[in-house]
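Go ahead and model the full structure; you've got the sequences and the hints to work with.
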Amino acid sequence: MGEAQVVGEDWQNKFVPQLLGGLNLNANTESMQDNQFLQLNGFVYYKGDLVKDTGYADFADVPSGVPGTFINIHQHITASGAASTFGISNLSLYVLANSGANWHGVLLDGGGNTTTDANVSGTDTVIPVAATTNFIAGDRIALRLDDGSDHISTIASVSSGISITIDDAVPGSGVVATSGNSCIEIVKLSGTDDKHVFAVTVPWNDELVFTNGIEVPHYYDPISATVKLVQNLPSSGDTICESITLFDSSLFLIKTAEGGSNFNQRIRWSDKADYTNWTTGVAGFIDLLDSSDDVRQARKLGPHLIVYRSRSIVRGTITNNALKRFQWDTMVTAQGIISSSAYADIGDKHLVVGENKIYIYKGGFDIQEVGEGIEALLFGIEAEMAEDQGHRIFSVYIKDSNDVLIFFQTGSGSFPDKCLRWHGDLNGVWTTREFNDPMQGFGESVDSTAFTWDDLVGSWEVQTWKWNSSAIVGTSRTILLCASDGQVEEYDFITADDDGVAKTFTLETPDFSHPNGNLRHDYLEIKGSGGLVTVSYSVDEGVTFNILEVVTIGTTPKKVRLEKQFVGRTIRYKIEGSSAFSLSWFNIRVSLETEY
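All residue numbers for the sequence shown refer to my numbering, where the first residue is 12 and numbers rise by one.
Hints were generated in silico from the structure; no laboratory data involved.
There could be a bad hint or two in this list.
Said to hold, decoys possible - With a straight-line cut-off of 27 Å between C-alpha atoms, the simulated DSSO-like cross-links for lysine-lysine are: (1) 368 x 206; (2) 311 x 335; (3) 538 x 575; (4) 283 x 360; (5) 569 x 538; (6) 575 x 58; (7) 199 x 239; (8) 569 x 585; (9) 410 x 368; (10) 570 x 585; (11) 514 x 410; (12) 311 x 410; (13) 311 x 283; (14) 368 x 25; (15) 25 x 538; (16) 239 x 283; (17) 58 x 311; (18) 335 x 368; (19) 58 x 585; (20) 206 x 239; (21) 58 x 283; (22) 206 x 360.
This is the structure we're talking about:
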């Protein structure tokens with residue numbers, strides 16, 4: 012039980028003043044540090060206290076019809092500083108509009124672009140339009156509704172010059188789209204849940220390039236406000252890639268398939284400041300064939316491009332040599348990356364989930380393991396992560412708090428439904444979090460300016476964002492999470508619950524014991540604040556728990572004493588609840604009982 016303070020003749024106090032040890036699943040439950048925990052779910056650290064994590068709420072109205080499931084949210088900031096937010100689903104590309112109220116489809120280059128020439132009512136599938144040029148059966152369209160939202164559907168048939176018939180009926184009743192509303196063709200994607208989506212803003216022309224690992228990379232042209240295919244790719248344009256990145260003023264394609272052939276060890280780069288040129292200038296490629304490891308990701312770290320393979324790490328360095336643009340050196344052979352999105356750029360280093368470790372990489376010949384205490388959740392025979400779903404792991408960096416969220420899919424889930432949280436400012440301690448909705452992607456939204464009443468669409472009664480949301484504050488930053496049901500959620504560090512659902516938290520201490528006998532329990536003291544919590548204890552190493560007390564501390568932090576005498580060889584505590592709660596420290600009072 013550690014060093015105790017003698018109180019009177021028999022009783023001893025064990026005071027745990029700082030609860031900064033985090034989660035530890037890799038030690039004997041009696042030899043753990045007193046401030047470590049066997050469960051620490053739904054908590055974050057704030058000013059040294061354990062505090063119930065905040066929740067999230069719906070962010071913007073997802074289009075009706077069949078918009079697809081959002082997988083990536085990209086904050087697109089131009090050279091002039093103008094910011095806009097794009098959402099990439101498995102089926103199309105959308106832009107955030109109406110001061111953050113709606114996602115709108117983006118016009119496909121050369122696609123149909125018309126307006127309705129009569130009113131459209133709810134349940135209609137026939138859309139009267141002014142023109143049908145460039146619309147054909149099988150195209151995907153976005154119809155603008157009167158409430159500012161889009162309705163997304165696939166064209167079933169076209170009556171030339173008259174109307175478009177769609178697969179999915181327009182929602183609502185009565186007139187929902189008046190004559191003159193836009194009807195455009197949008198890009199038709201075929202992404203899957205098993206592939207991550209990546210996007211980059213190209214600084215030399217303000218274009219947005221994205222790939223879903225299934226189709227040829229696309230880009231958004233801000234001048235024409237349309238979506239286009241990346242031009243002049245190898246194999247007459249038939250080139251697909253797992254991921255993309257920017258390095259040394261070139262666009263890099265990572266792990267390519269060219270002309271129907273897979274090049275799992277290939278990295279290809281464009282000419283400088285011209286990603287329409289893949290054959291001349293300083294364009295080129297490298298097949299990293301020193302091992303059979305497949306390339307999964309490449310990201311900039313300092314002056315280098317770090318290539319993460321399945322079981323190794325390669326470092327790319329600019330040579331400034333006319334005959335050889337980059338030098339490629341294998342730096343680490345013991346560890347790689349488990350999925351293309353299992354990394355977080357945390358400034359001067361990367362936090363990476365490998366095949367059997369979580370580690371920090373700084374660009375040298377070694378790695379720093381940081382997940383010893385929690386890796387049992389992901390790897391091994393008792394792991395919670397589904398054994399064949401490591402490729403779905405994705406990581407989210409929360410810059411303001413220097414935390415990293417690692418989402419993974421459990422054996423009972425269909426999408427990533429649990430996450431680990433690494434607290435970078437607290438020597439990398441860990442907690443866990445289970446969101447009410449499974450998530451499959453993320454992004455960030457930044458409003459470059461605050462908006463006013465004049466920017467809103469419709470009356471104040473129909474606004475869907477919260478009045479205290481960071482969405483209404485200029486230059487605010489929030490994390491956006493892509494739920495598996497298609498809704499984008501705003502994890503804004505304000506909302507109390509998960510989209511209206513109160514999530515429970517659980518804290519479970521180590522087993523306190525004494526090598527010379529049993530412990531007689533007198534009381535447990537906790538210092539904290541918050542609503543109703545259930546405090547339980549176990550004397551059989553967590554096999555069963557008995558309620559010690561159900562207590563409400565209140566909004567003002569204070570010490571609460573929970574008294575009950577019982578005897579056990581070990582004593583373990585559990586605190587559970589769903590209300591707001593914080594914990595600063597705890598103290599237990601016990602005495603030693605022996606057979607002699």
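Checklist entry - Can you give the numbers of the hints that this structure goes against, from lowest to highest? => result 6, 14, 17, 18 and 21
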